[in-house]
Amino acid sequence: MSKILKITGLEKTYTSGNKQLTVLHDISFDVEKGQTFSIVGPSGSGKTTLLGICAGLDQPNAGNVELCGQVLNSLNEDQRAQLRNKNVGFIFQNFQLLPTLTALENVSVPLELQGTKDATEKSKTLLEKVGLGDRVHHYPSQLSGGEQQRVALARAFANSPSILFADEPTGNLDEETGEKVIQLLFDLNKENGTTLVIITHDLELANRTQQILKLKGGKIVTNQLTSAL
Amino acid sequence: MAWRDAKASKVRLLLFMASIILGIAAVVSIQLFSTNLKDNIQRQSKSLMGADFIIDSRQEPTVRAQSIIDSLQPDASEVKFVSMIAFPKNGGTKLVQVRGLEGGFPFYGSLDTEPSAVSGTYQESGGVLVDATLMLQFKVKPGDSIKIGELTLPIAGALKSIPGSSAFSSSVAPPVVVPYRFIEATQLLQFGSRKEYQYYYKVSDTVNLKQLQDQLEPQLDLENADLDTHTSTTNRLGQRYDNVGKFLNLAAFIALLLGCIGIASSVHIYIKEKLRAIAVLKCMGASRLQSFLIFLIQIAGIGIVGGLVGSLIGVGLQQLFPYLLKDFLPFTLVISITPAPILIGVFLGLFMSILFALLPLLRTWYVSPLDVLRVDEKASQEPTKIRLLVFGAILVFLYLFSFWLIKEPLYALAFVAGTVITFIILAGVALGFIKTVKRFFPKHWNFTARQSLLNLFRPNNQTVVLVVAIGLGTFLISTLYFTKDILLSKTEVGQTSENANIIVLDVQPPQLDSVAQTITANSLTVLNNIPLVTMRMHSINGTLVNELRQDTTRQIRGWVLNHEFRTTYRDELTESEEVVEGEWVSQINANDPIAISISDNLADDAKLSVGDPVVFNVQGVLMETTVGSIRKVDWAQMQLNFTIVFPAGVLEQAPQFNVLTTSVPDDASSAALQQNLVSNFPNVTIIDLRQVYTLVEDILDQVSWVINFMAFFSIITGIIVLIGSVRTSKYQRIKESVLLRTLGAKNSQILQISAFEYVFLGLLGSLVGIILALISSLCLALFVFKEPFIPSLVPFIVFLPGITLLVVAIGLSNIQSVLRSSPLEVLRRET
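Sequences listed follow chains X and W, in order.
Here the first sequence is numbered in our numbering, starting from 1 and rising by one per residue.
Here the second sequence is numbered in our numbering, starting from 1 and rising by one per residue.
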């Protein structure tokens, strides 16, 4: 299998006043194409920072990130944005929908940014898939948390990404709704053959992925395959 | 707690403060200026007049008037009139005001001359004092001569200032002071010439001038003379400048109001963001009053500091006003600082910030501790009753403050109503635009353009406030521009058409042919030859004018009874007049009743209708007439118009003089003609209308400078409100941009979204401002100036793109930090 994400010797430090705070230290791992992968660890272990760097939202201080065959370190901001637009999908804990746009418009954004012509039709189909066919013209403020996350899910799959990053996708949802969203996420992932990288506290959820990377204090504790394989 | 919370939001609070600083600075500077102006006028009261009181008459005093004048023993006397002078050295000619002085005038203030000693010696030495600017213009020096009428005298020195003359009146006809004893020899005081006799009195401080005025005024009135004390004159002067001050005050008040609306809007968003924190405080046991006070103290602090900073800037700014208005002031303004306007500034800062921030502040009172869990905007809103109460308080305050500024209850009401209506229209247009965009959303537009449109009604948007701020500033500047156009359009017509631009006055009948020949010899055409006959009204509708003067119940306006009318006779109407009542009689035969035509304003003021009898005193001869027709006259046309026109066949033999007009193509031919006329006919007065047009333009330029200066305050306040709004929405913008970037948007796309949003805001605000200005100027043109209105394109091709670009530049100034923000950091903040 080819590698869709290849991380080598990653270091990330933040400067606060005179102090240097190392958040990630010597991180190296690979993610295979089509794999489901989870990153777990306690709060402050560097999970979200790692996800941001993997997705090209932030730059490491040292080390290499290769995403979809491209070395991110050599790309500028716009080139990274273009790469994300073509190949990457995101799901956030707090949904991150644009409040001024309806559900349909939110889902269309990645397609619109690409200049896709039938963006609306595609988005409608995706919303129907996540069970929101009757809420397409609702604004985020008019939707429940679960519904908002389902819109985010539809948006994440809108550009048919090769890889999808999900940061605590059920963190803001109750158990039942969370389970529904996760089921949907895995279904869509399977259907589209997307690589899935999830950040979570929830070990049960992590165990549903094929590989788990455990972080603590910015370092890799374990990186092992699960029985889900 | 208020301080701790304020420290965390200091940049935003400083911007709130900046919104009111300029408004306060404007109000304080103008208040200080007005106070100084009043003080100066009062302090310089006597030196402005140069005497304690004056008796003046626009004709040679009657025997009765002369006996009153003599009995009071005048300390100095003067005759002044407008005439042409010539400088033999270089042949230059100019219309001046000749002031023939006798006695030690002025008794207060000074006659400033160069060399300074000549002010005390010119009377004895028999020299003339010539306006300093005039001497510079014509390159003449003391010792050169000046020809006034038939007399040539040496120039003793340059006249820098004389009590009672402002730079403005001097630029029309600069003063030339001549010892009184030479006036007769000039032969300029001929029949028909306009002159004014003034007698100056210096009395001890114990004399009650008011009593003297009350006692003598009615008697002098009957003799067509007038008594003015230094206090009554300066009161009138004070009133005139008071009006300028009132206007500037109102303009400053608008800037302050704009700033307050900016504060209200920013505080609204500021408090909205704090609602959850307030709910937390309440959960922890903070009372409603405590949580309300935290923010009230912050706003009060902003108000006080803003008021103080604004006042200090105002103190500095007021130094500018004497320069701005120097040509309108007949004296040097000494600036001093009084505490009252500064205290008013601080009070205004405090009171207006609290008043305008009260509505959003009240939300802290009503927010429930339950909002910790979920902010319910509607539940935390104050009751309608309270909202209405606050709105009521704002309106009452606006009215009281305007009333305090202009001291006229009705004008204050009109001003408040006008301001509120303008604000409502601007806000209404902004809201209407938002609704229209929502309803007819251009779905086919590309993503960036659509996204920028959507931003106009994003949560916490400040579209309405920004449109009001931008619109108001543009409205003020554009109205000024359009109005100036209306006034200047006349002068353009006058300069470009074949209309007369040179008027030769006071041509005596024997000179008529020779003057006409001089004009034609200069290759020019005599366009008009108008005879002028002076007369007064002797009786109106059968009642003697003398009786009417004493009748306290009369409805006829006083000027009609005392005025020396300059009438003409002709057999046709001119272009600038039309008969609105009665029938125009062009010619009459001997013994026919004389049907005259009067202007509509005279008909109103003299209470005359068609058929009413009027008896005129034509230089001693009584002439019975009846009103044959009433004309509407367009006085705005720069040509000779008359209140009374006789038909041909009546006044031909009466003592008269003529006015000739011609049109000159350029300065050189005007100078040549003036030179020829003045050397051959020293008594004639020549008015070059082109100079008058230039002067009108200069005055309008200066007035517009002052108005522009005030509009500038509104624009700058608008910009600060805009910066405040950009800062307030900065976090939201960063969040949205980061999200878009995460989803793959390029920097150029994010930049475009913001740029388009500000283009929409700038275009909408400035376009509405210009359209409102267009409508108000059209109303002014139709109802006030009664002129056709051809709007200037300048507001459309300069202000519209200029202001829009400014708005875009300010909006985008913030975007760099948005583009630089790390997406991860922002996304994290939310978790």
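Source of the hints: derived by calculation from the structure; they are not laboratory data.
Incorrect hints may appear among the rest.
[As the list claims (entries may be wrong)] Here are the computed lysine-lysine pairs in the BS3-like style, where the Cα-Cα straight-line distance is at most 27 Å:
#: 1; chain 1: W; residue 1: Lys272; chain 2: W; residue 2: Lys435
#: 2; chain 1: W; residue 1: Lys443; chain 2: X; residue 2: Lys117
#: 3; chain 1: W; residue 1: Lys735; chain 2: X; residue 2: Lys122
#: 4; chain 1: W; residue 1: Lys246; chain 2: W; residue 2: Lys272
#: 5; chain 1: X; residue 1: Lys3; chain 2: X; residue 2: Lys117
#: 6; chain 1: W; residue 1: Lys443; chain 2: X; residue 2: Lys122
#: 7; chain 1: W; residue 1: Lys607; chain 2: X; residue 2: Lys117
#: 8; chain 1: X; residue 1: Lys122; chain 2: W; residue 2: Lys746
#: 9; chain 1: W; residue 1: Lys607; chain 2: X; residue 2: Lys124
#: 10; chain 1: X; residue 1: Lys86; chain 2: W; residue 2: Lys435
Here is what the structure says about each hint:
Pair hint Lys272(W) plus Lys435(W) holds up; C-alpha atoms about 23 Å apart against a cutoff of 27 Å. About 13 Å separates the Cα atoms of Lys443(W) and Lys117(X), which keeps this hinted pair within 27 Å; it holds. The suggested pairing of Lys735(W) with Lys122(X) holds, with an alpha-carbon distance near 26 Å, which does not exceed 27 Å. As the CA atoms of Lys246(W) and Lys272(W) are separated by approximately 38 Å, the hinted pair breaks the 27 Å bound.
Taking the CA atoms of Lys3(X) and Lys117(X), the gap is near 31 Å; set against the 27 Å cutoff, the hint is violated. With a C-alpha separation of about 16 Å, the suggested pairing of Lys443(W) with Lys122(X) holds against the 27 Å cut-off. Proximity of Lys607(W) to Lys117(X) is assessed by CA-CA distance (about 79 Å); at most 27 Å being required, the pair is judged violated. The suggested pairing of Lys122(X) with Lys746(W) holds, with an alpha-carbon distance near 22 Å, which does not exceed 27 Å.
Distance check on the hinted pair: Lys607(W) and Lys124(X) sit about 81 Å apart at the alpha-carbon level, beyond 27 Å; violated. For a cut-off of 27 Å, the pair hint linking Lys86(X) to Lys435(W) is broken: about 35 Å separates their Cα positions.
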